[in-house]
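Undergrad: Let chain X serve as the given structure and place chain U on it in line with the hints.
Below are the chains, spelled out letter by letter.
There are 2 protein chains.
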Amino acid sequence: MTSLDTSLIIFQPSGRQGRVETGITLLDAARQLGVDVDSVCGGRQTCGKCKVIVERGEFAKYGIQSDPQHVSAATADENDYFRRHPSKFSAGGRLSCVACIAGDVVITVPPESQQRKQVIGKSAGNRPIEIDPILHQYYVEVEPHTLGERRGDWERLQEALAREWGLQHLTIDIVALRQLTNALKAGKHKVTVTVYGGKGQESRIETQGSSIKPPAPFMAKVLDVRGGFHEGLYGLAVDVGSTTVAAHLIDLTTGETLATEAAMNPQVSFGEDLMSRVSYVMMNGNDGLRKLTQAVIGTLNTLVEKAAKRAKISVTEIYEAVIVGNTVMHALLLGIDPTELGAAPFTLTTHAPIDVRASDLGLRLHPAANVYLPALEAGHVGSDNLGVLIAEAPERQDAITLLIDIGTNAEIVLGNRNGLWSCSSPTGPAFEGGQIAHGQRAAPGAIERVRIDPATGVPKFKVIGNEAWSDTLSPDAVGATGICGSGIIEVVAELFRAGLLRSDGRFVENLEWKMENGKLDISNSQSPISNPQSHLRWQGVKAEYVLATAAQSATGKDIVITQDDVRNIQLAKAALHAGCKLLMNGLGVSKVDKIVLAGAFGSYIDPLHAMILGLIPDCDLATVVAVGNAAGDGARIALLNKTRRAESAPFARDGHYIETAIDPNFQQEFVGAMHLPHMTDPYPTLRALGVLPAKSASESDGRSARRERRRERQEKF
Amino acid sequence: MTSLDTSLIIFQPSGRQGRVETGITLLDAARQLGVDVDSVCGGRQTCGKCKVIVERGEFAKYGIQSDPQHVSAATADENDYFRRHPSKFSAGGRLSCVACIAGDVVITVPPESQQRKQVIGKSAGNRPIEIDPILHQYYVEVEPHTLGERRGDWERLQEALAREWGLQHLTIDIVALRQLTNALKAGKHKVTVTVYGGKGQESRIETQGSSIKPPAPFMAKVLDVRGGFHEGLYGLAVDVGSTTVAAHLIDLTTGETLATEAAMNPQVSFGEDLMSRVSYVMMNGNDGLRKLTQAVIGTLNTLVEKAAKRAKISVTEIYEAVIVGNTVMHALLLGIDPTELGAAPFTLTTHAPIDVRASDLGLRLHPAANVYLPALEAGHVGSDNLGVLIAEAPERQDAITLLIDIGTNAEIVLGNRNGLWSCSSPTGPAFEGGQIAHGQRAAPGAIERVRIDPATGVPKFKVIGNEAWSDTLSPDAVGATGICGSGIIEVVAELFRAGLLRSDGRFVENLEWKMENGKLDISNSQSPISNPQSHLRWQGVKAEYVLATAAQSATGKDIVITQDDVRNIQLAKAALHAGCKLLMNGLGVSKVDKIVLAGAFGSYIDPLHAMILGLIPDCDLATVVAVGNAAGDGARIALLNKTRRAESAPFARDGHYIETAIDPNFQQEFVGAMHLPHMTDPYPTLRALGVLPAKSASESDGRSARRERRRERQEKF
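Just so you know, the sequences run in chain order X and U. Using the working numbering, read the first sequence as starting at 18 and increasing by one per residue. Using the working numbering, read the second sequence as starting at 18 and increasing by one per residue.
A couple of the hints might just be wrong.
No copy labels: a pair is met if it fits in one copy or bridges any two.
Here are the simulated DSSO-like cross-link-like pairs (lysine-lysine), alpha carbons at most 27 Å apart as the crow flies [what the hints assert, rightly or not]: (1) Lys308 with Lys202; (2) Lys329 with Lys207; (3) Lys238 with Lys659.
Just so you know, these hints were derived from the structure itself, not from any lab.
With the rest of the complex left out, here is chain X (with noise of 0.2 Å):
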């Protein structure tokens, strides 16, 4: 065999193929053609991630007959490697970087050994990820020290790394300094080394644009230096929410989430809600300030060690964790008093994305990790709405889309490839079950879903943890503890489609218009409410409907729907709508092609009801998707690609952002919108489904419902 002997090799699945030198490895070939076939040990027969398939037979397609022969015979270590990690082995299957060409032959890259890999999201309409981490591991072989010479331990292994894997400008941890003569002791001079950034970081800088300014060089950092081969590079992507703090531990090389653990936000015990954590800071000064960065910190060491227990595997073998939540939480976890976000101006600390080491902020991961937080858009949207963005990814799309993620309150984005405008407007608790009379957080017993016969009147219900419809069951079988968010979004727009509420958002005080139109159906009798009418109590001025009888409830009393309750939702969705407006006003845009709604809240409320109530704008509500924790897969996808991580920042800074607070328009919208719904919005969905009355109908006559109805949308609120 002669240096100008050359061999065919075609690499399956991407068909790449071409001539090559006869002798070279396979590894060497699929770099020539340039395929995509991963090592980790630099061909030392060790990592087996180089594996590949030599194929047997005849191949048609490309003209050539392929044999196993026509590979150089497996190796002592080779054949060792595969004795050592049994589930590797399948027939034809050799290690690319020793087995070399010796003739014609296919060669299958299994999905394993590609090192570009994806994952799917959850959420991001399940688009793939590439995983391309901005940590990796690297197994090299230093030289060792020879008496006399002028280079210590760290400048070998710098010489080692360029020379093997082309890594340049390399820092070190003082962690990773503290471990490497012994590792290198203990490995014999082979060490397996953990990196932050490096190779393939410089086009990350080319990708940001010419839109932001130019960012620093950057410099990769050796994390960790561990003696011989070794494998185990783990992240965690964290959503720290007002309530819940939610962690997932990632595998960095395969993209595979090992262990999601949560649990509640320890600083519920300081108050409620974001405000009210505020004001402790404000009254408690640093001594509160740290109170909260620490019960919100010591939840998330718990996570950890849970994640990594669960996992088997040690937690100083994560080396990066991505977090995100909103402005205060953000605040909050890196120990910076939160007060000016408690009143206008809401002044952020900063908008920008920080990197900063866990143990600074006495995370106890790998003690050189890194933390990263996406950049905050204003002071009132946070990381995790970027997150939400990271995720769904508005800007790759030509479809006009809302993103809305409901909380105290609601995030909201909208736009395309062509730009995106976000505001954050205050809806308040109700949506949470907060100032209303019988809410509670979704729960076992909680009310999710409800359903008013027009006709009747009367109500029936699910409740968390059982999928029965309350008619179906006895009772005392239906056990209803309080009602929560997508219970009472649907309780109130229930009660306006049955006629049992006014657009102005009062309840009806005369239903003589059900006994005209005969519809009464007494069927239901023996129920212990035989008259529907009674559903609908009133005191006085004022009325409440019994949504769950005394029977049906779990504390022995009536769930009931208050007037206030009526209201305090009505104000929730005039503020979310009246920020839609604004966004879609600020894009030209009189319609969106499809909303995304954020948060776990937004995966239990049903569309149709959400529209009737007018919490979201007019849309085909097929195209009305719930993504769940879109936030927290965000921050899964900012740990696993980090050209997507890089592209996020800009989004924080370069979009457009209305001030609710200040935006003249936002009072107005707010107003007209507290009408069930929207009375300015056409809502042709509605109408098409005969939840509204059909333009024409606004020419029809007679005392009925609907003519009441209208004329109360007529009425000035």
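TA: What follows is chain U alone, placed relative to chain X:
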């Protein structure tokens, strides 16, 4: 006054002059003419740094009449400043940031108003050090945040620092980020910012020349933000010796040393010398390492607190420490296992300079403070030696300088601007009083000076703490406790000079020659030892020399020099001399122009005696200088001048280093250098002084002491 009006302005002492637009401030005029005037508060009449003197009178030299009236009247704020700082007031004194030019003037810039101040180094041939630290404080006014604006406090601070001070590419430490919002509130948008790096940093990179890999562009980092105008920028220069730890607290704006604190290195209790501490770590593993590290860090924290208290500053105003030490101290300080330094090939974890957060080392300075550890040269040549180089700057000189820092290892550097050679010689503990029968540390009572009458063999000496020679005191007033290093060197050299020691280091058995010469002095027959021969006491084949009698000693026993003591001194001086010879051979010189003795020990030894012993090569004795703690002085210079700091890293990497442990010539030079002085060296200086016979003396005859000594010299050792 139109914009075309110009005035002549002359700055003293620089003499720079030019016509500038009438009406501009004196500070702007200075900047236009390239005159160095300091300013910290950015023209807010707060810092007083820009104070200048407007001269009155006829300046014939320049041909102008200067008058304080040729400058605009003082503002209310300016008057207020001088009222609050009466010490700054002087006739004609004005704040140049507000005083505007109204006519021709002569302006004197007092030294304290020059940005580029200088202090005089203690060593370094009293060369001035330009004060140009890596840290600066800036007083800056940040735009208030307006509602709806998309910039956080940090973004607006960056903008203000860029606008007012030209700072770019800033990052901010989490510590400062936590302070920022409340500092802006407290200072009503005016804050004092402490920045590490920044302006002028680029020039640092250029000065490193082409021999160094291009470093990453420097990012400046905000370490601290305080509300309002605040002065207080301090640094720490630390020399961690095996025995003593010394810390100097330095004002980084004036260069002044405000306090110096020193303490025993508490690691002494784990092992007196370096190798016993290395053994301690070998035997006790990570626990042992942790104990040694915590011991020295704890002591440093105590020294820092004491120094800060003495200087009446807060430790949180100390923003950087520069720490030098030998390689084992360096490793133990950082928490790096020093075991490899205990045996060949003496592998260092890194040679590179290290920047590490003080808090990562457990050092309690400002919580974001940096610690800089200069580069290490080789396994036994530490940053203390680099400190000597920083202070002495042989690489800037034509004179070929030999730098010797004597400890358990002697660190030796030889060279000039054409190149530096260095090595470490295993001198052992003899020069520090170790392995010497009556050896002791330099402390009150230790014999430090010795003279022996060549005619009689009778000694006289001085002890530390008493300026009088022992022969002028009554015996019971002497109180000698032992012999310290300089005393040991002198007594051995004097014994040789008096003919009591042969060139090979053995005591002379037959002293009849003294009688032959008829010079026996019996004048001090009242002395307890009336016969000089009795100072040399023989016990069988071994002799010892009585330096202090039992009556003169505090212990009540004779203080003697044994044959073994002489042998140990011979071993030590031979190692040192061999090292010097290797470097001279490496550089290709047979003579050095200058010898610099560094370290406390070097300050006490007498050059002539050192040369008689053969400790140092032949040299004009007038050019032998002791520079004291040049290592600590180097740390101080590295703290005060960032350019000198940056220049020093290449010394450690690019200098020629000879590993004495493997150099085949070392053993040969070592054996040859055992004689007193080195046989193969001509030592013309000693011959000229008559300490050694002139070359022609070899032709003289007779059983004289000189002939006897010559004969000895010709014997093979």
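Undergrad: Now, for every hint given, state plainly whether the structure supports it.
TA: Going down the list of hints, with the structure as the test:
{"no.": "1", "hint": "Lys308 with Lys202", "verdict": "between (44 Å within a copy, 22 Å between copies)"}
{"no.": "2", "hint": "Lys329 with Lys207", "verdict": "within (25 Å within a copy, 52 Å between copies)"}
{"no.": "3", "hint": "Lys238 with Lys659", "verdict": "both (15 Å within a copy, 24 Å between copies)"}
Of the numbered hints stated above, none is contradicted by the structure.
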